[in-house]
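Asks: Next come the chains, spelled out residue by residue.
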Amino acid sequence: MTFPSLKKSTWISSLSGIPLHMRIAFIAALISLVVFFLPSLTLTLFSAARMNLSYFQILQSGQMRLSISGVKYLLSFSDAMPFLVLSLILPVLVMLLVIFYRVISEKIPGRAVSASALVLTLGNLAALFLVPAKLVPSSVLSDAAISGADLYFSPQAVGNLLIILLIIGLFASAFGAAGLKIQLRMLSYPYFLWLIVFTVLPLLLIFFAAFFTKDAAGSYSFTVGGFQTLLVPRVIETKFYGLTLHLQEYFSVFLRSLDYAVWTTIGCLAVAYPLAYALADRAKRTHSSSSLLLMFFVLPMWINTMLRTYAWRAFFGQAGVLNNFLLSLHVISDPILFLKLDFLADFIIKLVLVNDFLPFMILPIYSVLVKLDENVRQAAHDLGANSRQTFSRVIFPLSMPGVISGIQMVFMPSLTFYMIPEIISEGSVTTIGTTVQTFILSESTVQQQAGNVLSLLLLIFVLVTMGILRNSDKDSGGGGMIL
Amino acid sequence: MRKLKQLFPNIYICLIFIFLYLPIAVLVVFSFNSIPKSFIWGGFTLDNYAKLFSGNDGGELLAALLTTLKVASIASVSSTVIAVVSCIGLSYFSKKFQALVLNVTYIPNIMPELVTGISFMLLFAFLGIQKGQLTLVLAHIAFCVPFAVLSINPKIRQLDRNLSEAAQDLGATQLQAITKVIIPEIMPGIVSSILLTFTLSVDDYLVSNFNVDSTVQTLPMKIYSMAKFGVNPKMNALTAIMFLAIFLLLLAANVRSIAESREKKRKYRRVSKNDKA
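For the record, the sequence lines run as chains U and L. If you read the first sequence in the numbering used here, its first letter stands for residue 1, the second for the next number, and so on. If you read the second sequence in the numbering used here, its first letter stands for residue 1001, the second for the next number, and so on.
Errors might be hidden in some of the hints.
[Stated by the list, open to error] Quick partial rundown of chain L residues pointing at chain U, CB under 8 Å, derived from the structure:
no., residue
1, I1107
2, F1120
3, Q1174
Because the hints were derived from the structure by calculation, they are not lab data. The model shown is predicted, which means the values in this text are computed figures rather than measured ones. Using N, Cα and C, we set each Cβ at its ideal position, and we do this for glycine too.
Extracted from the complex, chain U is given alone in its bound form (with noise of 0.2 Å):
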């Protein structure tokens, strides 16, 4: 699909009679200009940020006096000089080439003017590449006998967006000089490029450190090592509802988590959809959206969950909320600890899921049963069906999609969301999230490698189940089109 030419454009009027792709060459040429002389090198010593400089401030000074462990360095930039030139001369000399853009296309094809931007932004992409690199002269490194790794000059925020910039830049000159036309399409181009490098390229990265560990050398080499620290046939007592239970390490952490995720669930669809019914059933007997009211029931959902968490042992502690009321009361003599006692702090930890993804339950299955037609209801009673059997085989099957999409949006995060667990029972619960952060940020490989492995088999696990529900879904949807 093509459109029309830029003809009648208002839109930067100066520039008017310029393709589009030359504009964009333009934009990023000036703005490539701008952070020239906006600090945007970071000078790095002994990995901690000594100051932030601009190109222009490097160009002017030439060099700058440093001390390194006491001893006076002098850090000359003479190398990097050519480079900084170049960048700032060659922003201006693509701006030129969109301004006169007519006029010299009037003498050389238009290809070739965008062929030459091209060349220009190349090498202004090139001369800001380099610039850090050669600031600082490998004389003072081996004086000072430290590595490239303990001084160097890094772009900040400011200079990694340049660069990007720079690059669409880029492609646009290429486009002008292949003689093609900028479609709308092309839009979408740099997503795919953005889904490759944050959704694809990590997935294949759990795969891959699942496997393989980076050695002191560098390079990759295939162990099971993460396999055996997770399978070490280490066993431990647990408790589990009164029970005393003697199970593999990990396996009775992954049972707990488990455990736990699935009364989450459980108790959210409990909850929610009893409620998800009364409001949607108030909704429609009124004729409003009652969005104010559902507002009520979600606004939870924005507050802090580490807050929320936080408060509920406020309220079941020692010296909480709770115990207060009730020695005030004279029910009690001394404190309860609600918290301490096995059975009570599981029961409590669900109830804080629960309390916490309660509202990710309500509004699938709201948003389900409000657009439920009244008629579908009627229909049935007219078939001959009680109000219970209408419930259970006509509009129960039919909220089914809302239930589903509840599950996901609960069963999932509460399986790995190790927070709760831990403030409620102060660091005394292990579970499969806290496993896999202490795994992950330690210092030994094979810790770390088994934490991969962990979060891969993690991955997989509620993959293949959100799998399962997906399939169920489509089974009860169409048993419930069928009645």
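Following the hints, complete the assembly by docking chain L onto the known chain U.
Replies: For chain L alone, kept in the frame of chain U given last:
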């Protein structure tokens, strides 16, 4: 009889309401407590609010709050911009290809957040980017993008394809068609996308935790470490302020739709009255 029938659901709604708001109410009430670090009521005071950002941990709290607000603003705006631009471009591809891209986009939504955080950590290690502010911002943008696409793509799909062509027939350029026709049309999606991604980013703990070094701390991380160390009256005051801010924000976002629904209701009543007459 009919009133009695409605009584039970109403009681149930009230009970769940109390259950949801109990923790928040506890914190808000005791944020005015004059006995520090205690949940025994000692009298009304505003001390906790006055001292919120003073002292050692108060300064850290303020720094964490500012970091979180900064990261959340960058992440919400960037992810929304990425989603708008990509979705506009994507709408010119075939349905099959769109479905493929969207499926890949939504993969992170069904991954546990913990695993998402670890996968970004592995990615940054692979790319050789030092952990710090940059990785924090990038990770936040990355996990916000699927949610931004989720709220913007349906709006673009609802758009009439002829709309931008009509605008161009009327003399608008390609760019004007986007800025003056398409963007205003999908504005509700953009607003909800910014709201959603902002709150997701503010509330995030798991992804941030794996993608920062020790120099940067977000508000949830600070709150988590404070919550671990027992009772702190500052947390109560912070909850109360956050609750008020979010309440006002949501109220403002909902005022229009509430007004619209009232209008609808009034019209409906008028119609039904006419019917009866």
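Asks: Hints first: check each against the structure and report whether it holds.
Replies: Status of each hint after checking the structure:
With its C-beta approaching chain U no nearer than about 6 Å, L/I1107 sits inside the 8 Å limit, and its interface hint holds. Taking 8 Å as the C-beta contact cut-off toward chain U, the hint placing L/F1120 at the interface holds, the least distance being around 6 Å. Taking 8 Å as the C-beta contact cut-off toward chain U, the hint placing L/Q1174 at the interface holds, the least distance being around 5 Å.
Checked against the numbered hints above, the structure violates none of them.
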